[in-house]
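There are 2 protein chains.
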Amino acid sequence: MKTRLFTPGPVMVPEKVLLKMAEPIFHHRTPQYEGLFAEVNGKLKKLFMTEGDVFTLASSGTGAMETAVVNILSRGDKAIAVRGGKFGERWYEICVAYGIETIAIDVEWGTAVTAEQIKKVLDENPGVGAVFTTMSETSTGVLTDMKAIGEMMKDYDAALVTDAVSGLGVHELCPDEWGVDMVVSGSQKTIMLPPGLGFISVSPSAWDKIKKSDLPKYYWDLKKYKKSIDKNQNPFTPPVSLIVGLNASLDIILGEGLENMWARHAKMAAATRAGVEALGMGLFPKDPSNVLTTVCIPDGVDGGALVKALKKNGVFPAGGQAQLKGKIIRIGHIGHLDEYDVLASLSGLERALAEVGYSFTTGASVQAAQAVLAG
Amino acid sequence: MKTRLFTPGPVMVPEKVLLKMAEPIFHHRTPQYEGLFAEVNGKLKKLFMTEGDVFTLASSGTGAMETAVVNILSRGDKAIAVRGGKFGERWYEICVAYGIETIAIDVEWGTAVTAEQIKKVLDENPGVGAVFTTMSETSTGVLTDMKAIGEMMKDYDAALVTDAVSGLGVHELCPDEWGVDMVVSGSQKTIMLPPGLGFISVSPSAWDKIKKSDLPKYYWDLKKYKKSIDKNQNPFTPPVSLIVGLNASLDIILGEGLENMWARHAKMAAATRAGVEALGMGLFPKDPSNVLTTVCIPDGVDGGALVKALKKNGVFPAGGQAQLKGKIIRIGHIGHLDEYDVLASLSGLERALAEVGYSFTTGASVQAAQAVLAG
Numbered sequence: 148m149k150t151r152l153f154t155p156g157p158v159m160v161p162e163k164v165l166l167k168m169a170e171p172i173f174h175h176r177t178p179q180y181e182g183l184f185a186e187v188n189g190k191l192k193k194l195f196m197t198e199g200d201v202f203t204l205a206s207s208g209t210g211a212m213e214t215a216v217v218n219i220l221s222r223g224d225k226a227i228a229v230r231g232g233k234f235g236e237r238w239y240e241i242c243v244a245y246g247i248e249t250i251a252i253d254v255e256w257g258t259a260v261t262a263e264q265i266k267k268v269l270d271e272n273p274g275v276g277a278v279f280t281t282m283s284e285t286s287t288g289v290l291t292d293m294k295a296i297g298e299m300m301k302d303y304d305a306a307l308v309t310d311a312v313s314g315l316g317v318h319e320l321c322p323d324e325w326g327v328d329m330v331v332s333g334s335q336k337t338i339m340l341p342p343g344l345g346f347i348s349v350s351p352s353a354w355d356k357i358k359k360s361d362l363p364k365y366y367w368d369l370k371k372y373k374k375s376i377d378k379n380q381n382p383f384t385p386p387v388s389l390i391v392g393l394n395a396s397l398d399i400i401l402g403e404g405l406e407n408m409w410a411r412h413a414k415m416a417a418a419t420r421a422g423v424e425a426l427g428m429g430l431f432p433k434d435p436s437n438v439l440t441t442v443c444i445p446d447g448v449d450g451g452a453l454v455k456a457l458k459k460n461g462v463f464p465a466g467g468q469a470q471l472k473g474k475i476i477r478i479g480h481i482g483h484l485d486e487y488d489v490l491a492s493l494s495g496l497e498r499a500l501a502e503v504g505y506s507f508t509t510g511a512s513v514q515a516a517q518a519v520l521a522g
Numbered sequence: 148m149k150t151r152l153f154t155p156g157p158v159m160v161p162e163k164v165l166l167k168m169a170e171p172i173f174h175h176r177t178p179q180y181e182g183l184f185a186e187v188n189g190k191l192k193k194l195f196m197t198e199g200d201v202f203t204l205a206s207s208g209t210g211a212m213e214t215a216v217v218n219i220l221s222r223g224d225k226a227i228a229v230r231g232g233k234f235g236e237r238w239y240e241i242c243v244a245y246g247i248e249t250i251a252i253d254v255e256w257g258t259a260v261t262a263e264q265i266k267k268v269l270d271e272n273p274g275v276g277a278v279f280t281t282m283s284e285t286s287t288g289v290l291t292d293m294k295a296i297g298e299m300m301k302d303y304d305a306a307l308v309t310d311a312v313s314g315l316g317v318h319e320l321c322p323d324e325w326g327v328d329m330v331v332s333g334s335q336k337t338i339m340l341p342p343g344l345g346f347i348s349v350s351p352s353a354w355d356k357i358k359k360s361d362l363p364k365y366y367w368d369l370k371k372y373k374k375s376i377d378k379n380q381n382p383f384t385p386p387v388s389l390i391v392g393l394n395a396s397l398d399i400i401l402g403e404g405l406e407n408m409w410a411r412h413a414k415m416a417a418a419t420r421a422g423v424e425a426l427g428m429g430l431f432p433k434d435p436s437n438v439l440t441t442v443c444i445p446d447g448v449d450g451g452a453l454v455k456a457l458k459k460n461g462v463f464p465a466g467g468q469a470q471l472k473g474k475i476i477r478i479g480h481i482g483h484l485d486e487y488d489v490l491a492s493l494s495g496l497e498r499a500l501a502e503v504g505y506s507f508t509t510g511a512s513v514q515a516a517q518a519v520l521a522g
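Protein chains in written order, with my numbering: chain A, 148 to 522; chain B, 148 to 522.
Among these hints, one or two may not hold up.
No distinction is drawn between identical chains; accordingly, a pair holds when it is met within one copy or between any pair of copies.
[Said to hold, decoys possible] Subject to a maximum C-alpha distance of 25 angstroms in a straight line, what follows is the list of computed DSS-like cross-link-like pairs (lysine-lysine):
(1) LYS233 <-> LYS370
(2) LYS233 <-> LYS371
(3) LYS472 <-> LYS374
(4) LYS373 <-> LYS233
(5) LYS374 <-> LYS359
(6) LYS167 <-> LYS149
(7) LYS378 <-> LYS192
(8) LYS474 <-> LYS378
(9) LYS149 <-> LYS163
(10) LYS472 <-> LYS373
(11) LYS358 <-> LYS371
To be clear, the hints were calculated from the coordinates, so they are not data collected in a lab.
Bound-form chain A, shown alone (with noise of 0.2 angstroms):
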């Protein structure tokens, strides 16, 4: 059996842009990389949906997630940070290593923010310079509205910023339309790189903020990735292998189009769900993700055993995290993947779910996703 990867990142690399990234290194400070990086950037903000740049780090997700807080906010300021799951607390961390004033809204896991319930803690709340969302919570696999949170904040001074690590590509996200001014991501999910890489795109109206922001930085300043941009550069050294594999990886994304890309992976979802349902399993978000399908674990099952079994049988998913350790599995949709893997995904969960003890029809769940698959 092949190892399919199904853990919503890392994900797996499409065997041509592995290849890309084992050409031999070249320097970056030359025309050669420079005309790279200015189609890179270009293809970025297609993906990216906006007009503002995009900048690229040498970090993880996390990094762009401290990039955005250390530059959107000021001493004194306040911050907003909603925690529906491990990705949201992040934030709020973050923001309080700072020193920063820090509101949290806690949601049930499950669960998504409304607009509403922010609006009601930014009336309450004079001085919040951002607010810190996460578009999909990986650790819940929650979608958050962000066009509705960002209208109802177009009354507001404050910042909106979403952490899109593994929504990105996957949701329809319009930052320009819907008003929000930070967008954080990753390379190791939907853009179908190895780790290494943090994005983010900044609005226009946001580098007012940006520029009297007083808060520490050095490494994470977007003043220096800014200039540097405008002469297709970066401020320090940017990994080389990685930039050449993400301007393969964004040909190919561009290639599908963000439209066919949101319908692949809704439909992938969507019939991951109908198979997981015709085993009799429930779905842990209330407000699901197309990045990822949460599946309680059925009363009786060993989590740990399901996992186990999963991976024995070549289709690698992850489990929870924190209060969900044991509770749920997560089977990705994002990376190479297409919609026959979801067959081989439901498959091995049957194998793995008969090994650990649970009843079932056998074949009910690749039926019912070949009929989200087929219409």
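Dock chain B against the given chain A, drawing on the hints supplied.
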């Protein structure tokens, strides 16, 4: 002509390392990754010659420098930054960005700071938390005597930090024995990988300062990395493909042996210097490092034209930065280069010099180099 990178980083990567990194990605929260990372960490300790931990960051070398600053210092500490080139200046800038009262020791570009100079400033300034130095200053080609500085500083409470981004593996550096508390490096130099990884070694005694450090940080927080490394993990998603490559590169490095590496770099540098001098050209640094040979551009020769002619002839050097722009060329000896490549660099240099109208005896440089290489 093949293009050979003689820049002092990024460097050429061995083909077998490039191909290793092109293998399918695997997930990092697995025994497979933990086994690999345990192996890598053991090998890094050998390369860094320390019993302390060596932490791997997803960042460029500058990120690892910032990590040193924000972990070793606390609010109210003073810092000393030695400025004898572009990378020494970077230490100063990072410290200042965090509001640290920073005393610069300005040494003439091309010369190395002495232990006595640092001692004088330490004696005049109580409350210094750390001294930031550059072992091999890539912008000038100068080597600093870290052993002498470390021994002098044994009587002081201040920590000693060095940027060995390019110097690591080229010159002997025994942090435990010499009293160097933090050694910073990057993947794209002697480690022969693409850019994208930063490294920082930490001496056991530095942890007292790190634990009480109150400078704001999240991604750079070494306490998080320490907690993770003890489980052979990273706190944030690691660049898996680069870690796979790192393991392969470290095998090559440790297979050659550190003493053999130092000797090879010494020989390559000596042969290059002999070749350059045989052409009647001068060397810039008074205290030269074996990372690179920094050559003064002769009177009447256009520096920009010489660099261009070198590249046309397949020899890719670095020019001068900042105040040295147009005044020097820098020929690196690091990366996937061997002794015969020295002959290629000098042969190309002769061709380029002829093209820009400089007079010399054809073959003089390769003959002089050969005398060293054959010695």
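Status of each hint after checking the structure:
Proximity of LYS233 and LYS370 under a CA criterion of 25 angstroms is satisfied inter-copy only: 19 angstroms between copies versus 29 angstroms inside one chain copy. In this assembly of identical chains, the alpha carbons of LYS233 and LYS371 lie at most 25 angstroms apart only when taken from different copies (16 angstroms versus 30 angstroms within one copy). Only between protomers do LYS472 and LYS374 lie at most 25 angstroms apart by alpha-carbon distance; the minimum there is 20 angstroms, versus 44 angstroms within a single protomer. Taking the closest pair of Cα atoms, LYS373 and LYS233 come within 25 angstroms of each other only across two copies (21 angstroms); inside a single copy the shortest separation is 30 angstroms, beyond that limit.
Taking CA atoms no more than 25 angstroms apart as the test, LYS374 paired with LYS359 passes inside one copy only; the shortest distance there is 16 angstroms, against 35 angstroms between copies. For a Cα distance limit of 25 angstroms, the shortest separation of LYS167 from LYS149 qualifies both inside one copy, at 22 angstroms, and across copies, at 19 angstroms. Taking the shortest alpha-carbon separations for LYS378 and LYS192, only the intra-copy value of 16 angstroms comes in at or below 25 angstroms, while the best inter-copy value is 39 angstroms. Proximity of LYS474 to LYS378 under the C-alpha cut-off of 25 angstroms is restricted to the inter-copy arrangement: shortest distance 23 angstroms between copies versus 49 angstroms within a copy.
Both within a single protomer and between protomers do LYS149 and LYS163 lie at most 25 angstroms apart by alpha-carbon distance, with minima of 18 angstroms and 24 angstroms respectively. Taking identical chains as interchangeable, the C-alpha atoms of LYS472 and LYS373 lie at most 25 angstroms apart only when they sit on different chains, with a minimum of 23 angstroms there against 41 angstroms within one chain. Only within a single protomer do LYS358 and LYS371 lie at most 25 angstroms apart by alpha-carbon distance; the minimum there is 11 angstroms, versus 30 angstroms between protomers.
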